[in-house]
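Engineer: Residue numbers (our numbering), protein chains in the order written: chain A, 413 to 743; chain B, 180 to 303.
Be careful, since some hints might not be right.
Mimicking DSBU-like on lysine-lysine, the simulated pairs with C-alpha atoms at most 35 Å apart in a straight line are [claimed, not checked]:
(1) A:Lys576 / A:Lys690
(2) A:Lys542 / A:Lys690
(3) A:Lys690 / A:Lys520
(4) B:Lys206 / A:Lys690
(5) A:Lys520 / A:Lys428
(6) B:Lys297 / A:Lys661
(7) A:Lys428 / A:Lys599
(8) A:Lys576 / B:Lys297
(9) A:Lys661 / A:Lys599
(10) A:Lys520 / A:Lys599
(11) A:Lys576 / B:Lys206
(12) A:Lys520 / A:Lys661
(13) A:Lys599 / B:Lys206
(14) A:Lys542 / A:Lys520
(15) A:Lys576 / A:Lys661
(16) A:Lys599 / A:Lys576
(17) B:Lys297 / A:Lys520
(18) A:Lys661 / A:Lys690
Partial chain B-side listing against chain A, Cβ under 7 Å, derived [as the list claims (entries may be wrong)]:
(19) Ala186
(20) Ile262
(21) Thr270
(22) Ala273
(23) Ile282
(24) Ala298
Keep in mind the hints are simulated off the structure, nothing from the lab.
Each residue gets a CB set at the ideal place from its N, CA and C atoms; glycine is no exception.
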Amino acid sequence: MEAADLERAINQVAAKLAPGATGASDLRRLSGGASQETWSILANTPSGDVPLILRRRPDSPTGSGNAVPLATEAALIRAAAARGAPVPTVPYVFEEADGVGEAYVMGKVEGETLGSRIVRNDAFAAIRPKLAAQCGAVLAQIHAIPLEGLPEVAHSSALVELEKYEAVYRACGAERPIIEAALVHLKRHAPALERQTLVHGDFRNGNLMIHPEDGLRAVLDWELAHLGDPAEDLGWICVNSWRFGNHAKPVGGFGDYSQLLDAYEAAGGTPIALERVKYWQMLGSMKWGIMCMTMYLSFANGADPSVERAMIGRRTSETEIDLITLLEAVA
Amino acid sequence: MIEQPTALELVDAVIGFIETRAAPQLKDRDVFLARVAVNALLTLRREIEHGAAAEASATARLQDLMGEEGDFASLNTALCQAIREGTIDITAPALLAHMRASIIDQVQIDQPNYSGLKAALAGG
């Protein structure tokens, strides 16, 4: 769909995007993944323009088959908002008759998502020590979202994740002893799913809108949300790949395990043992390593011949060096 | 055997071309991709310098570990199978030492600035 056609179609529903809006303008493409497009647009109201973000499924999407439908994503964001979690507003979810395809509009939130800046830039120096606790408190809110009334999402557990990623790894045809050892360890120690909650599924630097003054302003990118072990979200943000060089601060490169876990509990989250978080951290490192392998495969099979896709294959070794450190710690 | 230029000199010439001639002419995503291309060549440079030695050390460790002769690929395949089938204990110090030494050598080629490499080296 051309940008001009898209803007025209959005204009038809402008009144629903912001109170008093009479039109929509300045549609601009921000990024386009294979499975998701992001656009910025202004809703024009008598009191001024309101900046909004449009999330849209491309006309012929490729990529992650795990993503939930955008209408589900929007419903989950609204459910999180009802629980008090920081998320963007979702003024409108497009319907089929709107002719825009699968899409929704959300409020624009000011801040930074790039982990390298959040972890290193002086602008974030004052807020950094508070971020791990904020993440813990917000995860407690997300995990307290009532499951009744939520749209259908996938169910998962450590064993389900292992089965899924082992199959992907085997399909790559690679022979990597550290991945093999991690699979053996993780299968042997897979925790039973005692308590199932909504899991964000991709809670890490890159998907967290952080403001220099007040920190975590919005949790974005709900496309991998599912029902599962709440410890999965706490472990994922501790994966070294999201620490952007600050290895000494396990939580996102900005905080400590105790800050994350204490705040989680203080905000009403059912206590989670550190050991369980570290289990999911190890599973997360392995998962990211296998995801890098599949991105390399899209180069190898010609689907995306860019040098960037080729080089990402050389990042699996990063996760393996983290895995060997973790495996030695529990051996 | 082949010199004037050596493989490393050729790689350096291409890196120089991208950085001084090509990259300044590029826009948007291509600027990023040019940087990735230079990183790829720097990786290739490190692999030319250290790859063969890393593989020779890994092969020697694998021969000890598996108690058999063979090249890197066949021994590595046998090791993966042994781990998978549980015939080698994943907590065995000799196995962990082999995997640690191999991955340190590889990350020194792939991503020498990665924080996890420094952590692994500091951990002994």
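Engineer: Does each hint hold? Answer for all of them.
Structural biologist: Evaluation of the provided hints:
1. A:Lys576 / A:Lys690: Holds: lysine 576 of chain A and lysine 690 of chain A sit about 20 Å apart, inside 35 Å.
2. A:Lys542 / A:Lys690: Distance of about 21 Å is within 35 Å: holds.
3. A:Lys690 / A:Lys520: 34 Å, holds
4. B:Lys206 / A:Lys690: 42 Å, violated
5. A:Lys520 / A:Lys428: 16 Å, holds
6. B:Lys297 / A:Lys661: Roughly 14 Å between the alpha carbons, so the hint for lysine 297 of chain B and lysine 661 of chain A holds.
7. A:Lys428 / A:Lys599: 49 Å, violated
8. A:Lys576 / B:Lys297: 31 Å, holds
9. A:Lys661 / A:Lys599: Holds, at roughly 27 Å.
10. A:Lys520 / A:Lys599: It is violated: about 41 Å lies between the C-alpha atoms, which goes past 35 Å.
11. A:Lys576 / B:Lys206: 39 Å, violated
12. A:Lys520 / A:Lys661: 29 Å, holds
13. A:Lys599 / B:Lys206: 47 Å, violated
14. A:Lys542 / A:Lys520: 23 Å, holds
15. A:Lys576 / A:Lys661: This hinted pair holds, its Cα atoms lying about 29 Å apart.
16. A:Lys599 / A:Lys576: 12 Å, holds
17. B:Lys297 / A:Lys520: Given pair lysine 297 of chain B, lysine 520 of chain A is violated - Cα atoms ~38 Å apart, limit 35 Å.
18. A:Lys661 / A:Lys690: 14 Å, holds
19. Ala186: The hint is violated - alanine 186 of chain B has no Cβ within 7 Å of chain A, the shortest such distance being about 19 Å.
20. Ile262: The hint holds - isoleucine 262 of chain B has a Cβ within 7 Å of chain A, the shortest such distance being about 4 Å.
21. Thr270: Holds - the Cβ of threonine 270 of chain B comes within 7 Å of chain A, reaching about 4 Å at its closest.
22. Ala273: 12 Å, violated
23. Ile282: The hint holds - isoleucine 282 of chain B has a Cβ within 7 Å of chain A, the shortest such distance being about 5 Å.
24. Ala298: 5 Å, holds
The structure shown violates the earlier hints numbered 4, 7, 10, 11, 13, 17, 19 and 22.
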